[in-house]
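Protein sequences, first through last, are from chains A and B.
Taking the working numbering, the leading residue of the first sequence gets 1375, the next gets one more, and so forth.
Taking the working numbering, the leading residue of the second sequence gets 4, the next gets one more, and so forth.
Rather than coming from a laboratory, the hints here were simulated on the basis of the structure.
No experiment lies behind these values; they were computed from the predicted model shown.
Keep in mind that the hints are not guaranteed to be accurate.
[What the hints assert, rightly or not] Quick list of in silico lysine to aspartate or glutamate cross-link-like pairs, EDC-like style, CA-CA up to 20 Å: (1) B:189 - A:1392; (2) B:177 - A:1393; (3) B:189 - B:132; (4) B:186 - A:1423; (5) B:189 - A:1380; (6) A:1409 - B:193.
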Amino acid sequence: MSLVCELAAPFVANSAVDEIDVVRPLRTHTAGCLKCQARHAAMSKTARELTALADEHTKAPADLEWRVMSALEGDLAVPRSWRTPMAVGTAVVSMAAAVIIWRFRPRNPRLTGRIPSFREER
Amino acid sequence: MSNPNDPRQVENEKEKELIARAQQGDRAAFAALVRAHQNEVYTLARRLVGDPHLASDVTQEALIRAWRALPKFRGDAQLSTWLHRITVNTAWTQKKRAKKHAGVPIDELTAIAAPEGANHPAVAGELLELRGRLRAALDRLPEGQRQVVVMKDVYGWSHAEIAEVMDISVAAAKVRLHRARAKLAKDLEEMS
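Bound-form chain B, shown alone (with noise of 0.2 Å):
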């Protein structure tokens, strides 16, 4: 049922006007929706492409192509899908353009926080210590798995979804993504 006063409704409904305004080309709107999104956008971007200033360009070019595309925006998926969907093709097609850029490592990816549910300082410090060698397992993986991993693990999509990205089939993004944990696994085994 739906409850007029819980804020993430509000949330919702405040970013469906915004939606709304911007598909009628309402700029200020727009920018308020850049606000809200550009830092899971460029998040993402930093994990998919690892260097900051291509995932910096990565991000703007996708929140520009989401301008563009905001009228096709039916609202089926939530807009912050929508959104990394436009980041992980847009990542894709530079990462065509820029194979130059060398990956950073992933310890940069993320500001270093504490792990939410850690209340206790012992398991807070395991889990930080287990994240840190999660972020360099990840740079270790070769490009091609880490994405896929990010796409799966990290942000559940499918392997429909992961495919149609990667222009691979899903048969393939099945086994990339099998390998990839794999190695994962056997990285972080080794790490410990």
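With the rest of the complex left out, here is chain A (with noise of 0.2 Å):
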């Protein structure tokens, strides 16, 4: 494999893809050269398989619809990245909310003490 051939590369893979000439430095080199016209060649293939990709899609997410629209009614559109963190930390600052309420409860001073008897409530 030749040095040109190497250095020809790039240009030749630019070439293919965007069918034009080679540079004029290289052409007489790639015009005689088979390893650099296989190269051309495998490139155009490529080019076409690229343009070809276009029309290929993958399906999108099946809520996709319904978290756009959510959104543009002013819902809650939650990032799907963003789900569990937000499920772990609403969790976490429910607990800690109910363990506070809990905590300061107002008590009623009728029940802090003994619990009185039938007959002494009589």
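The two chains are supplied separately, each in an independent frame; assemble them into the complex guided by the hints.
Structure follows, in structure tokens:
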């Protein structure tokens, strides 16, 4: 494999994709070099396949439309990557709130002491 | 000459009508546009960012941005081209925000389908194999180079458009593309 082929390789690749001639200083070499011509042919095929990729579509997630339309309705459209952290965060905050409320709950003085017996109350 | 029975033209007319209604604030019309374009927007997002969850978020945000910008859409370009531009911009912004997300093999980006026009099993097999190698080679490219190749060689953007979206000069976009293609060709050669 000649050094010129290696030098020409990027230009051959670009000329194949853009369907233009190779830059002038390398043109004489590539015109007579089987290796460069094979590379040109391979890259032309690749270019066609790249273009064909534009028509290949991956199916979007099933809930995508709902997420978009919910966001437009002003609902909380949570990005999927945030869902787990948000769920965990919500659970932690709820538990902390429950503990605080329990700890500082207003106490009924009648219930703090001894529970009076039925006779005492009468 | 226009042919009122041409299905593509009928689709275009239908889309224009939906756009006009959506521009007036009709959400049902916009939902129909979302349904029509979500797969292509999502595919582009996945090709650009790799990670499927991030791509899903990019698609969602891009479509929301599209809704907000829809009154400014004048119809000079196709709606899909306009949506592509918004998606690329959104992906670019999201990428900056979420650098922690690693790329996902491009193998997963598209369902393996027989290439169009490849009716003969041998030809279809060869093209499928080439497409598989192509996806792997694209995956090997550094992110910036991959994005340039996707925008230029898959979606046919101009150098100027790429430069504008990536916030680089046209010359830099050309150089990046030149390098990306050279690397792509080299990787494909090594794989074969």
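For a C-alpha distance cap of 20 Å, please report whether residue 1409 of chain A and residue 193 of chain B respect it. holds, 14 Å
Distance restraint between residue 189 of chain B and residue 1392 of chain A, which requires alpha-carbon spacing of 20 Å or less: At roughly 17 Å apart (the allowed maximum being 20 Å), residue 1392 of chain A and residue 189 of chain B satisfy the hint.
Holds or violated: residue 189 of chain B with residue 132 of chain B, Cα cutoff 20 Å? The hint holds at about 17 Å.
Would the hint linking residue 186 of chain B and residue 1423 of chain A be met if the CA-CA limit is 20 Å? holds, 16 Å
Holds or violated: are the alpha carbons of residue 177 of chain B and residue 1393 of chain A at most 20 Å from each other? Cα-Cα ~15 Å, so holds.
Sort out whether residue 1380 of chain A lies within 20 Å of residue 189 of chain B, counting only the CA atoms. OK: residue 189 of chain B and residue 1380 of chain A at ~10 Å, within 20 Å.
Of the numbered hints stated above, none is contradicted by the structure.
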